Amino acid sequence: MDILQGVCASGGIAVGRIKVIKDESKPAQKRTIQNVPAEIERLKNAVEITKEQIGKLYEKTLESATEEEAEIFQIHIMMLEDGSLTECCESIIYEQSVNAEYAVTEAADILSAALLDTKDDYMMGRTTDIEDIKNELLSALSGEGNKLNSEMFLEENTVIFAHDLTPSQTVRLDKNKIAAFVTEQGTKNSHAAILARTMKIPSIIGVGNCINNIINGEECIVNGEEGTVFISPDEKAKSDFNKQMANIEQREQALLKLKGKPSITKNGKRIKLYANIGSIEDLKKVTDNDAEGIGLFRSEFLYIGRHELPDEETQFKAYKKVLEYMQGKETIIRTLDIGADKTAECLKQTKEENPAMGYRGIRMCLDNKEIFTAQLRALLRASVYGKLSIMFPMIVSKEEVITAIKMVEDIKCCLKEDNIPYDENIKIGIMIETPAAALISDELAPLVDFFSIGTNDLVQYTLACDRQNHKVDNIYNQSHSAVLQLIKTTCHNAHTSGIWVGICGEMAADTNMTETLLELGADELSVSPSYVLPVRERIINSGGNHA
Amino acid sequence: MKEFTYKINDEIGIHARPAGNLAKIAKESECDVTISSKGKNADLKKIFSVLSLAVKCGDEIKITVDGRDEAETAEKIKKYLTEKL
Chain A
29 MDILQGVCAS
39 GGIAVGRIKV
49 IKDESKPAQK
59 RTIQNVPAEI
69 ERLKNAVEIT
79 KEQIGKLYEK
89 TLESATEEEA
99 EIFQIHIMML
109 EDGSLTECCE
119 SIIYEQSVNA
129 EYAVTEAADI
139 LSAALLDTKD
149 DYMMGRTTDI
159 EDIKNELLSA
169 LSGEGNKLNS
179 EMFLEENTVI
189 FAHDLTPSQT
199 VRLDKNKIAA
209 FVTEQGTKNS
219 HAAILARTMK
229 IPSIIGVGNC
239 INNIINGEEC
249 IVNGEEGTVF
259 ISPDEKAKSD
269 FNKQMANIEQ
279 REQALLKLKG
289 KPSITKNGKR
299 IKLYANIGSI
309 EDLKKVTDND
319 AEGIGLFRSE
329 FLYIGRHELP
339 DEETQFKAYK
349 KVLEYMQGKE
359 TIIRTLDIGA
369 DKTAECLKQT
379 KEENPAMGYR
389 GIRMCLDNKE
399 IFTAQLRALL
409 RASVYGKLSI
419 MFPMIVSKEE
429 VITAIKMVED
439 IKCCLKEDNI
449 PYDENIKIGI
459 MIETPAAALI
469 SDELAPLVDF
479 FSIGTNDLVQ
489 YTLACDRQNH
499 KVDNIYNQSH
509 SAVLQLIKTT
519 CHNAHTSGIW
529 VGICGEMAAD
539 TNMTETLLEL
549 GADELSVSPS
559 YVLPVRERII
569 NSGGNHA
Chain B
579 MKEFTYKIND
589 EIGIHARPAG
599 NLAKIAKESE
609 CDVTISSKGK
619 NADLKKIFSV
629 LSLAVKCGDE
639 IKITVDGRDE
649 AETAEKIKKY
659 LTEKL
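From first to last, the protein sequence lines are chains A and B.
The first sequence runs contiguously to residue 575 in my numbering.
The second sequence runs contiguously to residue 663 in my numbering.
What the hints contain is simulated information worked out from the structure, not anything from laboratory work.
Quick caveat, the model's predicted, so the values are computed rather than measured.
By construction, the Cβ of each residue, glycine as well, lies at the ideal position given by its N, Cα and C atoms.
Among the hints, a few may not be true.
Computed far set for chain B versus chain A, every beta-carbon distance over 10 angstroms [claimed, not checked]: (1) MET579; (2) GLU589; (3) ALA601; (4) LYS602; (5) LYS640; (6) ALA649.
With a cut-off of at most 30 angstroms between alpha-carbon atoms, the simulated DSS-like pairs for lysine-lysine come out as follows [claimed, not checked]: (7) LYS455/A - LYS300/A; (8) LYS294/A - LYS228/A; (9) LYS616/B - LYS602/B; (10) LYS605/B - LYS312/A; (11) LYS379/A - LYS580/B; (12) LYS376/A - LYS434/A; (13) LYS656/B - LYS348/A; (14) LYS616/B - LYS379/A; (15) LYS640/B - LYS580/B; (16) LYS216/A - LYS618/B; (17) LYS618/B - LYS84/A; (18) LYS205/A - LYS300/A; (19) LYS580/B - LYS216/A; (20) LYS228/A - LYS662/B; (21) LYS216/A - LYS271/A; (22) LYS605/B - LYS376/A; (23) LYS616/B - LYS216/A; (24) LYS426/A - LYS228/A; (25) LYS205/A - LYS147/A; (26) LYS440/A - LYS300/A; (27) LYS580/B - LYS79/A; (28) LYS602/B - LYS84/A; (29) LYS657/B - LYS349/A; (30) LYS287/A - LYS376/A; (31) LYS313/A - LYS205/A; (32) LYS147/A - LYS602/B; (33) LYS656/B - LYS345/A; (34) LYS357/A - LYS285/A; (35) LYS585/B - LYS348/A; (36) LYS640/B - LYS312/A; (37) LYS640/B - LYS348/A; (38) LYS585/B - LYS79/A; (39) LYS203/A - LYS216/A; (40) LYS79/A - LYS605/B.
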């Protein structure tokens, strides 16, 4: 068995037989030519033929696929009509008196270089489109034509292997026979990746050089999420696969049974069953899995990977989008918590010895009031578009809560003065994820509208155990009595003050812990979207607690 | 000459489809249209030129329109940007 490791471009798992698609393009021969105007004519004719061919590819794709997938061919035509490519080819022919084939290859390289220079994933992925157009032009010049419209014969459950897949190549494949795509290179925004996601089949990119060592017809298992490919899988790999398939089927059954059902315990207590997400792309998973709201929307995605800070307007538009999508269902957005395992260039962080216990969360925000204000203003302005609640992370003291809430009140005043609307009923809560917060939760509860217990960090700090250090994995125990006691105290103090308390760490998704958490007093559980329905099943079958 | 700035809000930034559509609007006009971002300029009529600027979400761009129907063209471009980006 051989194992290849790449990056996930589309999730899911599949098993099938390998079919390698080889890159058949030959490098163009450079020839000197005498009759330059004739060569230019030849080029122009080839461009027209190619536009026609691509037009046909577009029509063909529309027949068997969506407008979105066919779109790429329209973009190819736009690129041809653009002039950049053809002008570049023409100047090369004029200047060097060379044949059109060579000029096309050179021009394609020049344009690709410019895109690669941007070092931007999406732009670099477009070099595949240039490659595709180049091959189509060369094909038209050679008079071969119509190669594009011939379909490749495929067996059922084929796993396609290629160096990279151009849109034209993928169009020639019978989608019904494909189980997965694996490419040596490629990007997440490549046509093949987008196609795979639409088809809901796994796609793995960046496995590196392997095509030369693979035999057509070999059995192979593709694990999209992990980015792993098992060629000629052994018994263990096969049984793992079967288990995963069984899990997926189980989940699908649960979906049918539990979607739309309220999360009410046997004792009649209604539990809020929400989802944790960290990006706008994940919004769909919230509704697909029938979550009743968002219990934790990590706002860091707006800051990570950016050179500059996201300004109020950018943030406002993002939050508005989220709230509009959720259509009035409670949406709890956690304010910026960068640090520990998440870093953002625009925040100019300095290296810390111990980022998990360092400059992050609310302490960082209160020390950077401008950044915090921008976020709070954006959130308040967006609040009129749905049911927004704001949550502050990493609380350790009453002062932090008081200061943060005062900032919110001041901002409300400013907005009111400027006649900018916000939700007067917006709820403010805090994360209880430090032992300190849990222990003084009786003093904190009167100040806020709700608690959300972040068990990941709470366990880490309580057991003095770094959750990213695998050497102490055996110490990290979510159901340690110390942790459960802190949860119990927090829930009790919350209820004494008449506020609700939820759990948003990994523990909430552990179906073995559901009954315990409900007994301790949790009113809300917020989990990764794919766990919503399994947890709902547990809630419905739990005794519950009226505490 | 007409000039205006705009901040991109679309998550993917100016990708191939909008670049193509902007190029179309620019080509249909009788103007010279330049797009500037992060200190670099590009001809809005050329897709590749625009793509190599790699304009992302949050970036500010400046559009300069120069020609007979500059007011109309600037409006069309502004409309497209506000609606789609």
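Please verify that the nearest CB of chain A lies beyond 10 angstroms from ALA649/B's CB. holds, 25 angstroms
Below or equal to 30 angstroms on CA atoms is what counts here, so check LYS376/A against LYS434/A. This hinted pair holds, its Cα atoms lying about 27 angstroms apart.
Does LYS84/A lie within 30 angstroms of LYS618/B when you go C-alpha to C-alpha? Violated: LYS618/B and LYS84/A sit about 37 angstroms apart, past 30 angstroms.
Holds or violated: LYS203/A and LYS216/A, Cα atoms, limit 30 angstroms. holds, 19 angstroms
Taking only the CA atoms, is the gap from LYS216/A to LYS618/B under or equal to 30 angstroms? OK: LYS216/A and LYS618/B at ~27 angstroms, within 30 angstroms.
Given the proposed pairing of LYS602/B with LYS84/A, does the C-alpha separation stay at or below 30 angstroms? holds, 21 angstroms
Given hint LYS602/B paired with LYS147/A - CA-CA distance at most 30 angstroms: holds, 26 angstroms
Check the hint pairing LYS313/A with LYS205/A against an upper bound of 30 angstroms on the C-alpha distance. holds, 27 angstroms
Given the hint that LYS205/A pairs with LYS300/A, test it: the Cα-Cα distance must not exceed 30 angstroms. violated, 42 angstroms
Satisfaction of hint between LYS379/A and LYS616/B, Cα-Cα up to 30 angstroms: holds, 28 angstroms
Does LYS79/A sit within 30 angstroms of LYS580/B, going by the straight-line distance between their CA atoms? With a Cα-Cα distance of about 34 angstroms, the restraint between LYS580/B and LYS79/A is violated, given a limit of 30 angstroms.
Would you mind confirming whether the straight-line C-alpha gap from LYS294/A to LYS228/A stays at or under 30 angstroms? With a Cα-Cα distance of about 37 angstroms, the restraint between LYS294/A and LYS228/A is violated, given a limit of 30 angstroms.
Of the numbered hints given earlier, the model fails hints 2, 3, 4, 8, 10, 11, 17, 18, 19, 22, 24, 25, 27, 30, 36 and 38; all others are met.
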